[in-house]
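The listed protein sequences derive, respectively, from chains A and B.
Residue numbers are given in our numbering: position 276 of the first sequence equals residue 276, and the series is strictly consecutive.
Residue numbers are given in our numbering: position 166 of the second sequence equals residue 166, and the series is strictly consecutive.
Treat the hints as calculated values from the structure; they're not laboratory data.
Just so you know, not all the hints are guaranteed correct.
Said to hold, decoys possible - DSS-like, lysine-lysine: derived pairs with alpha carbons at most 30 Å apart: (1) A:292 <-> B:472; (2) B:443 <-> B:416; (3) A:14 <-> A:59; (4) B:344 <-> B:416; (5) B:416 <-> B:220; (6) B:416 <-> B:472; (7) B:416 <-> A:292; (8) A:88 <-> A:14; (9) A:379 <-> B:416; (10) A:379 <-> A:59; (11) A:379 <-> B:220; (12) B:220 <-> B:472.
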Amino acid sequence: MKLPHHVHLLAHAKLRRIRALVWKETHQVLRDPSSIAIGVILPLILILLFGYGLSLDVKNVPIAVVVDQPTAEAMELVASLQLSPYFKPRLLRAMPPAQELLLAHAVDGIVRIPADFSRHVGAGDAQVQLIVHGGDANRARIIQGYVQGALGAWSARQAAQGQQAAAVPVSVQTRLWFNEADNSSYFLVPGLVVLVMTLIGGLLTAMVMAREWERGTLEALLVTPVRSDEILLGKTLPYFLLALIGFALCVLSARFLFHVPLRGALWVLLSASMLYVLVALGIGLLISSWVKNQLVASQLTMLVTFMPAFMLSGFLFDLRSTPAAVQVISYALPARYYVALLQTVFLAGDVWSVIVPNTLALAAMAAALALGSRAAMRKTLE
Amino acid sequence: MNARAPALVAQQLHKRFQRKDESPVQALHGVSFEARYGELTALVGPDGAGKTTLMRLAAALLHVDAGSLSVLGIDIASDPQQVQDRISYMPQRFGLYEDLTVQENLDLYADLHGVSADGRAQRYPALFDMTALGPFRSRLAGQLSGGMKQKLGLACTLVRSPELLLLDEPTVGVDPISRRELWDIVRQLVAEQGLTVVLSTAYLDEAERCSHVILLHQGKVLSQGSPQQVAAMAAGHCFVAVPSAQQSARALQARLLDEPDVVDAVPDGGRVRFVRAAVGKPAVIEHALEGLAVDPVLPRFEDGFMMLLRTAVERERLPPISVTRPVAGHAGHAVVQVQRLLKKFGAFTAVDHISFEVRRGEIFGLLGPNGAGKTTTFRMLCGLLVPTAGQLRVAGADVRSASASARARLGYVAQKFALYGPLSVLENLEFFASAYGLRGERKRARIAWATQQFELGEHLRTTSSQLPGGYKQRLAMAAALLHEPEILFLDEPTSGADPLARRSFWRRITALADQGVTIIVTTHFMQEAEYCDHIAIMDSGQVLSQGSPAEVRQRARTQARPEPSMEDAFIAVVEQARAAQAAA
């Protein structure tokens, strides 16, 4: 089909305007350190900070080990605690100093091996007392699990050595075996990528549109042949690319810094992420079409994107254990779908039954936001 | 050309803005006017007259509530985009992209307007020639001076010949030299290329240069016609009086303004120009003019404008401002002494060994183009910046060693509105009173004083950011006077203010000076220099000329211009110095 000449001309003028806007925005990004900071430096800082600082692993826990009578069996148990990477045991001969240490929170727990331990090992009903500092219930449970694990390992060794297996009165299989990978970054880093993308996607566009309002640059721009969809495209394209650079940094550090496996296909990861970046940029654009002040725009972006993504996306807390109402709300959060996608693609592989519905949800959101921003971006000051 | 319909036709325009928590504002109330092709049409009026609203309506940025507005024959309600395709618009704050260079800003607008490479090759040299921005092509727009920014903004609207050019207060905050250059560009385009321009302005001398003037007041058209027609309304009402040897022009002007029959009075070249409500030789005000030479003069546009405005506005009868605590010291005693003051920012010398003295109860004016070093000087005087070298004594104290105690005796009104926008007027006053260490009975008394003197009573609960411009300025002054400073610093206090607000501002300032408060002020309005006892003209960090307004004017006398106005004198002094520097 051959288009009439004037349609070609119009399309040409339109492309030229979009190109001019994209080019302008790119120059601004390159000269304005704050955009680069949000797009590149911020993701790096966040991923390093969260990746190293936010860890659900418990390692090198200081504990006191009280040995009432240093028999061979007792010392063997002590040795197995000392060899564990999870504990930093301090060997004590009596209970009172250990209690003091616990009170001062210099240790997180006390393992007491009673005087009659060896005798009971022989009889098959040996007992070890474990006292855990309960200040942080979560940590306490983990420590409890680890001690049980260490005891289990010890009794297994005893059994393997042909001695009579000690019927240690604790469950050997801990409830915390999800941590058996001994590394929570498998679980956390994909979620972090979501957080970073949410933050930079939303912030970038919310800030730059609000900046145009604040500096009065938009008023002059509006009274030109430029159309509102062109302004939106001109804003979206450069920041889309910038956000993808941030994304690449995140994936690279996930892969090579935190050694998170990528079990799914790279193209699936990339397409899902591009969709999500569009959603995040769309939220930013929508926010900045109501809010014409950079400070308020950035606060609002944090509030409606980052915080819920942090709390309610299933990144930190399992959504299944939250109240029903919160679960319903979480369905409105794009981050929820992206978390599911990333955790699947990184850790499980291309599980299409998870990927397809979540991708569709993101696509629907991206389309709705594009339409919404288009409607909100009118060429008036009212 | 004459057969064409006008470029802009407004009929019974109404526009109302909804405000949060407050009654809506009727910005336009049945405005009708026309602007013809190939002419310069000016919208003139005080703050809040509706000038900017009209401009934005014409740029299709706002919707009309009632009435109709057609621009280039297109109804803006039916096809706003087509209007925006064909006109150019320069908003009050032209949004240049400050992190783009001059050339990049121009290119952006050329691309948006679809200007071809050939078109650019033809247009750019002319634009660079007109604006003299050629040497600064690769400079970031953010690093241009205020006047250059305005010129670049204008150039951006002229990347192609628009069918209509809208300029919203294009010269606000621009120094006289840049202002003249901007006007030269616009007039040249109208004369040579038949450009159609509609502009709004608060400068009455600018309106005088347009072919058609629409006087707006509170959303209504007061009058329209040629500037000559407006001036003619004051024919027979205008006089010039020469003050006696013992009297300053300022004192005579203040005296005349208090007369009910006097519509307007301004100091003008050592004399006082006044307009009276009745026609003929002033007999009723003879006691104010006893023994003085009074001559009738030809009316100016400004005189006609003031006549018209006075019919619409109840004259603000200012309570003569009174200082409750007499200022210590003798009149004539030097309160500010500046000797070889130097301020460097890295390699850049902002203030270059300037010296001057200000005596108690004087009004001292610092005049200069944008970037001359006025604000830097001010900040050093107030102890906000540490001088690189030189002597600086304010209220008897060396500011460098005793800035805290010296500062307690100063009041400072910054160039930008520096009060807390979200707080109400009363909350702002209370905050500043506490900040100055006032409390208890004295705090209450001072706030009551400020409220009464600046007539802020009915606005006490209004959010400061929503005050009309003139009131913001009053509030800023009231806040600066709460602690009864001996010296008041005002940095471009009248920038962007309309003629009415400027007159009441100066009335208050002269009253304060008469009661011993020392005033140091910077201004872009050369006319206002006439209110000062002494002025210093600055450029590139140096004082080029100082003395009384009459002395400075006299020094600029040439054969071609035997009676230079203050503006002429200013431009001559600055241009001479710049030429001398270029030659050296």
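Requested in this report: Starting from residue 416 of chain B, check that the Cα of residue 220 of chain B is at most 30 Å away, please.
Outcome: 29 Å, holds
Query - Holds or violated: residue 416 of chain B to residue 472 of chain B, with C-alpha atoms at most 30 Å apart - result: 10 Å, holds
Query raised in the report: Under the criterion that the straight-line Cα-Cα distance not exceed 30 Å, is the pair residue 443 of chain B, residue 416 of chain B satisfied?
Result: Holds, at about 26 Å.
Query raised in the report: residue 88 of chain A and residue 14 of chain A: Cα distance at most 30 Å?
Result: It is violated: about 68 Å lies between the C-alpha atoms, which goes past 30 Å.
Query raised in the report: Are residue 379 of chain A and residue 59 of chain A close enough, with their CA atoms no more than 30 Å apart?
Result: Cα-Cα ~58 Å, so violated.
Query raised in the report: Given the proposed pairing of residue 220 of chain B with residue 472 of chain B, does the C-alpha separation stay at or below 30 Å?
Result: 23 Å, holds
Query raised in the report: Are residue 379 of chain A and residue 416 of chain B close enough, with their CA atoms no more than 30 Å apart?
Result: Answer holds: residue 379 of chain A to residue 416 of chain B is near 29 Å, not above 30 Å.
**Report entry** Pairwise hint evaluation, residue 220 of chain B against residue 379 of chain A, where the allowed Cα distance is 30 Å at most
**Finding:** 27 Å, holds
Report task. Could you grab the alpha-carbon distance between residue 416 of chain B and residue 292 of chain A and see if it respects the 30 Å cut-off? Result -> 20 Å, holds
Query - 30 Å Cα cutoff - pair residue 344 of chain B, residue 416 of chain B - result: Status holds; Cα separation ~23 Å.
Query raised in the report: Within a Cα-Cα threshold of 30 Å, do residue 14 of chain A and residue 59 of chain A meet the stated pairing?
Result: 60 Å, violated
Query raised in the report: Is residue 292 of chain A close enough to residue 472 of chain B, meaning Cα to Cα at most 30 Å?
Result: 22 Å, holds
Of the numbered hints given earlier, the model fails hints 3, 8 and 10; all others are met.
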